[in-house]
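Those sequence lines, one after another, are chains V and C.
With the numbering used here applied, the first sequence corresponds to residues 1 to 190, in that order.
With the numbering used here applied, the second sequence corresponds to residues 191 to 977, in that order.
No wet-lab data here; the hints were simulated from the structure.
Backbone N, C-alpha and C define an ideal beta-carbon position, used for all residues, glycine too.
One or more of the hints may lead you astray.
As the list claims (entries may be wrong) - Computed footprint of chain C on chain V; a stretch qualifies when at least three of its residues, placed anywhere within it, have a C-beta under 8 Å from a C-beta of chain C:
1) 68–79
2) 84–90
3) 93–99
4) 129–136
5) 152–163
What the hints assert, rightly or not - In the DSS-like style, the derived pairs of lysine-lysine whose C-alpha atoms are separated by at most 27 Å in a straight line are:
6) Lys130/V / Lys648/C
7) Lys130/V / Lys677/C
8) Lys85/V / Lys648/C
9) Lys143/V / Lys765/C
10) Lys130/V / Lys891/C
11) Lys226/C / Lys85/V
12) Lys226/C / Lys127/V
13) Lys332/C / Lys143/V
14) Lys921/C / Lys362/C
15) Lys127/V / Lys613/C
16) Lys677/C / Lys115/V
17) Lys314/C / Lys446/C
18) Lys101/V / Lys613/C
19) Lys143/V / Lys631/C
20) Lys46/V / Lys613/C
21) Lys637/C / Lys677/C
22) Lys105/V / Lys552/C
23) Lys127/V / Lys570/C
24) Lys633/C / Lys105/V
25) Lys681/C / Lys765/C
26) Lys224/C / Lys85/V
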Amino acid sequence: MEMNVTRRQFLKLSGAVAATLAVVELGFDEKKARAESSDFKIAKLKPTPTICPYCAVGCGILVYSTEDDVVYTEGDPDHPINEGKLCSKGTTVRQVYTSEKRVTKPRYRAPGSDKWEEVDWDFALDKVAKNIIETRDRTFIQKENGITVNRTDSIAYLGGAALDNEECHLLQKLFRAGLGLTYIEHQARI
Amino acid sequence: MTNHWNDLQHANVLMIIGANPAENHPISFRWITKAKENGGKLISVDPRYTRTSQMADMYGQLRSGTDIAFIGGMINYVLENELYHKEYVANYTNAAYLVTDTYSFEDGMFSGYDEGKRSYDKTKWAFKTDEDGKVLTDPTLKDPNCVFQLMKKHFSRYDVDTVVGVTGTDKKMYLDICKTYGSTGEVGKAGTILYAMGTTQHTVGTQNIRSYAILQLLLGNIGIQGGGVNALRGESNVQGSTDFGLLYNNVTGYMKTPEATEVDSTYQGFLDRITPKAGYWVNTPKFYTSMLKSFYGDNATKENEFGYHYIPKLSAGKNYSFMRLFDAMYRGELEGLLLFGSNPAVGGPNARQEKESLSNLKWMVAVDLFETETSSFWQKEAGADPASIQTEVIFLPACASFEKEGSVTNSGRWMQYRWQAIKPKGESKADLEIVHMLARKLKDYYKNSSNPADLPMKAMTWDYGEHDHPDIDLVCREINGYDMKTKKQVKGFGDLKDDGSTCSGNWIYCGFYPEEGNLSKRRDSTNEGMSNFLNWSYAWPANRRILYNRASADLNGKAWSKDRVGIEWNALEGKWMGHDVPDFVVTKGPDDPTFKDPFIMIAGGKGAIYSTGLNEGPLPEHYEPFENPMLNSFSSVQFNPAVQFGEKEMNPQGDVSKYPIVATTYRLSEHWQSGAMTRSLPGLAELVPHMFVEISEELAKEKGIKNKDKIFVSSARGEIEAYAMVTKRFKPYKLKDKTVHQIGMPWHFGYKGIAIGATANHLTPHIGDANSSIPEYKAFLCDVRRA
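Chain V extracted, bound-state conformation:
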């Protein structure tokens, strides 16, 4: 069990195990016991359907979450490709949320510094915008040999294969159609 399961969750989970054992010892119908024990964890939660973020098979996953925690995930039984099944990665998707390695605040590393500083979003986005504007405006080529080219070859963009389509559209729009970047590449190339 990973590090950041809260005490309340831990009790809840071990409670589920204890309940299962007790029922079995009392000789109840096994199927019914299984149904009840799985009810226990997620009974009051509404599952949200999602698609696995790893490979491109596109398996369906149901996410059972509270306001501030992902309680349980399982394969979506209605999904025509995986019909409820998941692989090792898909099964572990809850930990993408719970992993203590998640970065949850913007960070800044000053030139020459040997550490990150935690900063707020305004500071971070202002820095990003300032850098983009400074480099773009200074390196922008509006015309080349009399032809309007409207580009900068000094800023590169990489990434997108794990993003949503809607995000890819806006990234294309801002960085190519708006800012004039030419070095636009992502994982499909490599």
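Take the given structure of chain V and dock chain C to it, following the hints.
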């Protein structure tokens, strides 16, 4: 994929080459297993005996980088033994086309080569046409200059003995594979080819795939249920991100990026250049103009050529692809780098050199869920001296897929919606929100500028709401497209216009969001026939599940097989009907002269056995990898003559005398890509905690290495240390005149996260395919020794 995952169950024979779905696309294997339960045969072709091989009826071992030899021999076998689908080949492919007399092929080289430029004049390979530009044909396929005869002659050199001397495959097994896969040429049978990065990541990667396509066309396997050429894509939305044009040479929907040339200096000139004279792509101007309208809205007018000049024009002839980008960074030409979920310090070729180039940047922005080896390249842990690195780095925490909403497109082109299950963790945000906030800031900065250079930013529309969090529904509507006047959603790309009256962010997706609503959200899993699930999500284009499905029916429009009905011509109804959305004009009947032209995207409508589009020739030819253990057996030309070299210092070359062992990289079930999203999870880190290298028992004995020993693997680019996994899964190859060893290793590891280990890409070369510029990760030379 031309087909989709559920459809794999319909194949009589499946050949998996350069892919390992049992481990890398595990759930897809259910449908492969189903095909086997239905009596289908499974062939696995791979340098390593994988878990896919273990499930296969036949396993063909091949040396990394010899796919064209392997498939070339199969094509030759199919032709010599007349196993091909004669009616299909004669009518649905360009086999009957005549080729001009300027075409020639001699000792590994096609005609028209310019040694100085390392490129061909492709007009030398053109088809022969009459005065009206119509291609001349010989329906008997006997003319020595017809595609069929030229192909036959070309591949006649790929005899079985030469082939297995190059690939290292057991001869008897090879012949069994040829026979078994060749059996799908029988009318009514279906064979499918599945491939992944084992195929593409070579200096001949594109021609590897071409060789599969030729074999599939010969056997009549394209367009049918249970057939196809199927790329198993490895990331949840790598299909979508490609469709959405996040590549230097493509804008959305596979349309070209303009260049700074005289021809492209006007929108009309550009459109004339990129729009073919025939085939469905004649509609390009409608798609392009609609895309420009989605970028610039009412600021794209007829008078300003629909904002065409706001799109940046590439420097003419310049390659801006991934490796060239790092070359430019190495030379200090780049100031800034924006990373949205990208980790080249682990995933890039010659990754250490690429990582070191990062310190030439003035600034870097990393948007990610986890700290990666790239975003922390300046740290001591990375072997860097922080004080000497002047790059300013800003890390923006992104949230996970289920902490936001939006759609992803799977390998089978299904655009599936993901709903938000929980609010973003901590202060992390959706990438959509991040780009939205940034765009609003930048728009605001440029809004009062009178500098002509800032016109594109001013003209770009950004109407997704006035709050930090954008209204995703408005983004979805814009991607589909709508009528600019009525704001009504367009029904499909057939309704797009070139006069500026419609917009569409991505024409191939146009149709997913009609007035009725966003169809990617559909969850009706009823199987209404052939497991195409037409009411589940949405598949581009036009909700079509099998591409080229006209070819699933014979010359009269009847299905080749009663068991595999895709679409059929219904004479009573006067239209194509069946289990799929027709990839053909629905009402085009037998009276139409183009009734037998199934490949509607291609001018002429015939499947391309012979193609003038690729850089190294109209037919695939075997060349050895950049680093190779033997002389080319098929010609005196050792290396792909059309491959372009980049920065020399980024790409040292190893020689077989110093590095005698062939190496390849691969993936594991438990980890994914550069590892940030798996090595940071305790569950997956525990399952596979260490970096390892698989070596054969024979090589281990030669080198005095035992299982679990620490070993060094070195190449011309660097050296890594890892555990040895001594295995039966690799076997030495018996090639023409020598025995050669191969090793393999996962490429997921780096020094961040919970499970850490050496980065395999410190070893891989910085050179790529002559067409796609994908790096040659899958065949390079190395040496191994005990640590």
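Any hints this thing doesn't respect? Which numbers, in order? 7, 8, 9, 10, 12, 13 and 16
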